[in-house]
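Asker: Sequence:
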Amino acid sequence: MEVIRPSIHAGSWFPGTAADLRAAVDTMLENAPTVQGTVKTIVVPHAAFQYSGPTAAAAFKQMSSLQRTVKRVVLLATWHADAASLLLPPEEFSAFGTPIGSVPLDREALSALYSTGLYDTAPAELEIQEHSISVQIPFLKRVLPEGALLLPIYVGTIAEEDLPMYAETLAPFFMDPDTVFVISTDWSHWGPRFGYLYLPSNVDQSLPLYKKIEALDREAIDCVLNLDAVCLEEHIQRTGNLICGYSALHLFLRVLERVASASGAQHKDILSPSLLKYAQSDAIKSDTENSVGYAALGFFRKS
Numbered sequence: 001m002e003v004i005r006p007s008i009h010a011g012s013w014f015p016g017t018a019a020d021l022r023a024a025v026d027t028m029l030e031n032a033p034t035v036q037g038t039v040k041t042i043v044v045p046h047a048a049f050q051y052s053g054p055t056a057a058a059a060f061k062q063m064s065s066l067q068r069t070v071k072r073v074v075l076l077a078t079w080h081a082d083a084a085s086l087l088l089p090p091e092e093f094s095a096f097g098t099p100i101g102s103v104p105l106d107r108e109a110l111s112a113l114y115s116t117g118l119y120d121t122a123p124a125e126l127e128i129q130e131h132s133i134s135v136q137i138p139f140l141k142r143v144l145p146e147g148a149l150l151l152p153i154y155v156g157t158i159a160e161e162d163l164p165m166y167a168e169t170l171a172p173f174f175m176d177p178d179t180v181f182v183i184s185t186d187w188s189h190w191g192p193r194f195g196y197l198y199l200p201s202n203v204d205q206s207l208p209l210y211k212k213i214e215a216l217d218r219e220a221i222d223c224v225l226n227l228d229a230v231c232l233e234e235h236i237q238r239t240g241n242l243i244c245g246y247s248a249l250h251l252f253l254r255v256l257e258r259v260a261s262a263s264g265a266q267h268k269d270i271l272s273p274s275l276l277k278y279a280q281s282d283a284i285k286s287d288t289e290n291s292v293g294y295a296a297l298g299f300f301r302k303s
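Each residue of the sequence shown is one higher than the last, beginning at 1 in the UniProt record's numbering.
No lab work stands behind these hints, which were simulated from the structure alone. In this text, a Cβ means the ideal position worked out from N, Cα and C, and glycines have one as well. Do not take every clue at face value.
[Said to hold, decoys possible] List time: in silico DSSO-like cross-link candidates among lysine-lysine, alpha-carbon distance up to 27 Å: (1) K285 <-> K211; (2) K212 <-> K302; (3) K71 <-> K285; (4) K141 <-> K212; (5) K285 <-> K212; (6) K268 <-> K285; (7) K268 <-> K302; (8) K302 <-> K71; (9) K211 <-> K277; (10) K141 <-> K277.
[Said to hold, decoys possible] The calculated label-pair distances, taken between Cβ atoms and stated as ranges, are: (11) N290 <-> Q205: 20 to 30 Å; (12) V3 <-> V35: 29 to 39 Å; (13) L197 <-> L275: 21 to 31 Å.
Put together the whole structure using the sequences plus the hints.
Answerer: Below you can see the structure in the form of structure tokens.
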């Protein structure tokens, strides 16, 4: 019997009726520009639609042209609870649901990952509350062809020395031409609510506060666009930037390195990255306010 993971964020994080949700997603996708090229990986935010929906749409729009070729989406998503591993959804689920329909899970691929002994099952009572994957499902439902499967992976805080073994398990999926990757992360979480007030010292001090925070995010984004895992790691160590999906981004970059090594290529020769859109939850001007950064990135095939 098919067991669909319920969409508990429908009606709050995004519209709760099929008609309203379909209209909201389609409007955001229609308003997003198409970038020339064949996308292999996108990075998307995971806040409520009112905050980050248009930014997410800027990335998902690039998947629309792949309608007839995508057979699987590997979704590396932030796990906001404590975990030191990679987590898979509770085994009883066969699909992720939304008011506009469900996206089926790749049970065969999930079983293969379980068999490595490296992946744990996300606790059901925590997984059902986690939003980093569930807010992506409405977009996936609209851009994927019928029959495309989802391989959802929650990424906890991974030790540097453990990254290679996880990258080894995911590299074969990346090398599959019919598989695309989606990385779900927000960027800076800035302000007293988050206990984080760091600002870069090398920016124009006359800029408004939100622009200084953007400069902080752009520094991290540039590391990812340059496909430089060490740069990203050093950025986090130096600034403490609260990028909730840092481990997911880091893992993706290590997967790319593993793929390049296996093919005898330089990893920077495989993908052409592009920043598609950047936004913030609020253009704050005072350090008593709070802000979260959102970015849409696209990584396009070079050959």
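Asker: Against each hint, give a clear statement of whether it holds in the structure.
Answerer: A quick look at each hint next to the structure:
Simply put, K285 and K211 have alpha-carbon atoms about 9 Å apart, close enough for the 27 Å limit, and the pair holds. For the given pair, K212 sits about 33 Å from K302 by alpha-carbon distance, which is inconsistent with the 27 Å threshold. Restraint check: the Cα-Cα separation between K71 and K285 comes to about 45 Å, which exceeds 27 Å; the hinted pair is violated. Between the alpha carbons of K141 and K212 the distance comes to roughly 36 Å, so the proposed pair goes past 27 Å and is violated.
Straight-line distance between C-alpha atoms of K285 and K212 comes to about 10 Å, which keeps the hinted pair within the 27 Å bound. For the proposed pair K268 and K285, the alpha carbon gap of about 37 Å is over 27 Å, so the pair is violated. Of the pairs offered as hints, the one joining K268 and K302 holds, with about 9 Å between alpha carbons and a cut-off of 27 Å not exceeded. Taking the CA atoms of K302 and K71, the gap is about 20 Å. The hint holds against a cut of 27 Å.
With a CA separation close to 15 Å, the supplied pair K211 and K277 stays within the 27 Å bound. The suggested pairing of K141 with K277 holds, with an alpha-carbon distance near 21 Å, which does not exceed 27 Å. Range check, N290 to Q205: about 21 Å between beta-carbon atoms, so the 20 to 30 Å window is met. Under the hint 29 to 39 Å, the C-beta atoms of V3 and V35, about 37 Å apart, fit the expected range.
Between L197 and L275 the C-beta distance comes to about 25 Å, which sits within the given range of 21 to 31 Å.
Hint compliance for this structure: hints 2, 3, 4 and 6 are not met, and every other hint is.
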